[in-house]
Amino acid sequence: MSIPLPVFIAIPLATAFLLPMFGKRRKDAATVIANAATIVLLLLAITCVGKAGVYEIGKWPIPLGINLVLDGLSSLLLLVISIVAAAVMLFSAGYMEQYTAKAKYLSLFLLMVAGMNGVVLSGDLFNLFVFLEIASLASYALVGFGCGHEQFEAAFKYMVLGSIASISILFGIGLVYGNTGALNMAYVSKAIQSSGINAGLGFALALFIAGFGLKAALVPFHAWLPDAHPSAPAPISAMLSGVLIKSLGVYALARVVFNVFGVSLEVGWLLIALGILSMVIGAFLAIGQWDIKRLMAYSSISQIGYVVLGIGLGAMLLARGANPAWASLAILGGLFHLANHAVYKSLLFLTSGSIEMATGTRQMREMGGLTQRLPFTRTTCTVASASIVGIPPFSGFWSKLMLVIAAFQAQYYWVAAIIVFVSLCTLIMYLKVQRYVFLGELPENLRQAKENKGSMLVATVFLACLCVLMGLLVLIPGLREAILEPAVKVLTDGLKYSDFVAGML
Amino acid sequence: MLYALCFLLFMIGLYCAVVKKNMVKIVVGILIMEYAVNLFLIMLGYRQNGVAPIIDKTHLESQSALTNFVSNSVDPLPQALVLTAIVISLGSLALMISICIRTYEKYGTFDITEIRRLRG
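These protein sequence lines are chains X and R, in that order. For what it's worth, our numbering labels the leading residue of the first sequence as 565, then goes sequentially. For what it's worth, our numbering labels the leading residue of the second sequence as 1109, then goes sequentially.
Next up, chain R with everything else stripped away, as it sits in the complex (with noise of 0.2 Å):
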């Protein structure tokens, strides 16, 4: 069900950056988009009622403390997916956002059909 409600806000952000005509608002579906895969790759590690995962000395007294924290800890590998996922994220947001400032700078306008060569 949430897998679902995930998808639903991918293809939100997929529909905004395809069929909007405001530069902005396609850079807006875009990170939509961006945001949908970040939030289902931390849904994959997660676990009802789960624990950090981060081990410290009183799980490594008994191998039966240890087994338990191995299977109640959530997966920390999306999490650190995630962190570079957004790390990449924000650079070519950056990018996209300055380059649709430059093209105002041109044209006065954010609107691609008033744009010549972006039509189509």
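Excised from the complex, chain X in its bound form (with noise of 0.2 Å):
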């Protein structure tokens, strides 16, 4: 094992607490440090690409120490967050000129960073707790940073609704705990495995489901979101909607149900009745909006619902003893919409942030031929769009095209029409968006919009350019082999987790 692990926890935290010391006079170095610590995270994330192993923080062994956990998975989650974190700090550091306490945001975004990072890496459930509170409270006190009324608004609902989703999951671990005598998912999971799945631990699965399903804001626990993704600073938004729901909501929730309890019928089902909820209802909620922001995250609700769907099915499908290769396809579609869906969702989300800057109105009926004065904004945004919808040569079109292979395959066929049904309304509220923000008639007020530059520019630009090439992610056999490939082999691999965690030791 080359790379410490605990330096993808270390490094954003300890920029954070040095951060807040630079204060109001010398933010620019703060912006620097900030940057420079994004970018290092991303430099390392690659370089674990197609790594696995463990790490015993203080070389306590398991079960008495805490371990960190790093595979196929969690590389793949580590590497989006890192893209997408470095892309959004980079795209804040212009962006948050128009707010005062600038230092403080950064230290609050890497905090948030700190957290997830550790979700992703850790192999214990109370130490995922802990890391997921992290980024939880940043994550509340960033969505409150406007200090207006809305702002505060928002917050406190987020944060009623968060702490709700935290509670149950330590509940959920207590449950865990008392009924396995362990807290190391590898040994949970062997302990689960000789014993069964009893009355306690089925109803921590259940308080695990409800939990996660909060964070990932699934359609029955959805309500924070569209209140908090819209009233959060643009880059925040990003961040949110872009990777915090799915690493402390989507990859908690496989890595629990998969790697710790095992799949079952009846939860692969309650997945995909969940994810299918979440896309049509997210989807129909979405068309009506006319707040960009607002529109953007009832559409966040209805992509994340194709990633649970994607999961549930290979859940279902591996439960059932079907051809595992079926059920592999149906993961990598689910998990390659994860990746892709952080990438474009950040993307629009950081478009709109722009069009917010330039026009200072979230109302889509208040805007219009913005194309001429924003062609960059309008270049990317129509990228990120079309990836979105799914037209063939962007990125979102490969994720579409595996889930709808894998449900045909297993002969759900209402689920593929489904699948497609809701593309087509994520074609339509994407052309609305198209229709209303960059054509049409430009306002006499907003002839003086101003189009945005240097590192605004550059992230949205860099991101636009992965929409284009994460196609060749599925396409390219070698890619494929070495990012989601090993993602998909840990989760169809189950309850083997517990002997890869042994065997590394």
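Treat the hints as calculated values from the structure; they're not laboratory data. Bear in mind the structure is a predicted one, so any value in this text is a computation, not a measurement. Don't take each hint at face value.
[Stated by the list, open to error] Simulated crosslink set (DSBU-like; lysine-lysine; CA at most 30 Å straight-line):
#1 X:Lys591 <-> X:Lys1017
#2 X:Lys615 <-> X:Lys1060
#3 X:Lys1014 <-> X:Lys591
#4 R:Lys1165 <-> X:Lys623
#5 X:Lys1017 <-> X:Lys668
#6 R:Lys1214 <-> X:Lys668
Taking the hints as your guide, dock the two standalone chains into a single complex.
This is the structure in structure tokens:
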């Protein structure tokens, strides 16, 4: 193991506590240091691709100590988090000039990154909860960062629902500890394999699904997201929609369901139902929105539905003992959609930030004809929209195609039909964005709208290039075997996770 | 029986957080839920007539003393978990209360039905 895994948590954490010392005077220095931290993290995450390892904190052997586990799924999520964090940090350098207390913002941002990296790497249930709370607390504060009445209300709503989710997860962890006598995921998984799932563990699984589902904003639990995401500053909306709901919600859910408890038919169907509900209801609610960021927030719910549908379809096929290749295709589609969605949704939120900065409003009715004034924003936004809708060369097409093929192979034609139908709804909502924001008459008061420049432009163009190139991840076999296949294998192997952790020691 | 009472406390907290209209009461409801879960964790490690899980020289003198100690001491791990959970809940409580105070400064009320966007 060449890379000590704690650096992924230590670097952002240490930088986060260093930055407030710079204060208002030297905020340029703070910005440079924060950007350096995220770029170092990105480079480290790239070197971790395809590697696996277990790190024991303080050399305490498991199960006495806490361990960090790097496997295929963790390294995929680490890579996604680092890419989005680096791009968003670059964007914030320019965007956050309009707010006071920039150093505090950067510090909270890095704290959130530290929490997410910790969630993804943790091999211990309670440790996962601690990192989840670090990331959540930082995000509650960031949603209320604008200090307007709207921000406080959204932050309060988010915080109440998020706290309820965290407490359910802690309750579930207590039940797991009471029934198995272990907190390390590998040991819990072994204990569950030998004893089977009793009533207490079943209740714990239900609490986990509800808690992580709330963090992931799946449909019965989605109420906080459409308020929290639009109220936050645009870079933070990008982080929340792009990676926070995935690492805290979907990743943790997949880890617990597949690797700790083991898949079962009921859980597979439950995930499919949650996924389809989120897809359809999220898409319907998004079409009616006139606030550009609110529309994108509802579309996040719909896209998270795709990811959960893919994972749930895989779980159901695995539990039914169907052809394992079908299950891995469904999971591959889900995880690839997760990576794609992180890139294009953060890009969409960043462009919405540029639009808001140029026009001073988020209402699409008050915009129009911005193509002339904001050519780069227009191009990047169109690329991201084409990706999310699933137009062939762009990334979103490949992941949706894989989901449709997986549903066909498993002979659930109605699932495939729903996937295509929701894609059409997505097309309608992003055509609406294009039509009302970029085409049509330019209103008189927007004649002076200015295109963003410098670091903001670099960040959006970088993400737009990724949107175009992400399709190569599945088309080039070498890249697919290096990045996506190991992540899929972690989930399809399911309970062999405990043997993997034991084997790495 | 004790576990059922603990669960009842959890449900009371959940009810309070979901139904009440006053922001401060919602915060109190969340705190009750947190205390219920902390109590549950502590009860997991509890042992009737147990001793404190601190090992000293007398326990190490013979094998039987050690086995006796292990079978009588309470489980220390949930206590460590609860300490961590209390610190986390302190942090989130401070943030929640500060948001409540700032909202009160803007609106002059804690009633969420009078605060526009929190409805529904």
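task: Could you check the structure against the hints above and give me the numbers of any it violates, in ascending order?
output: none
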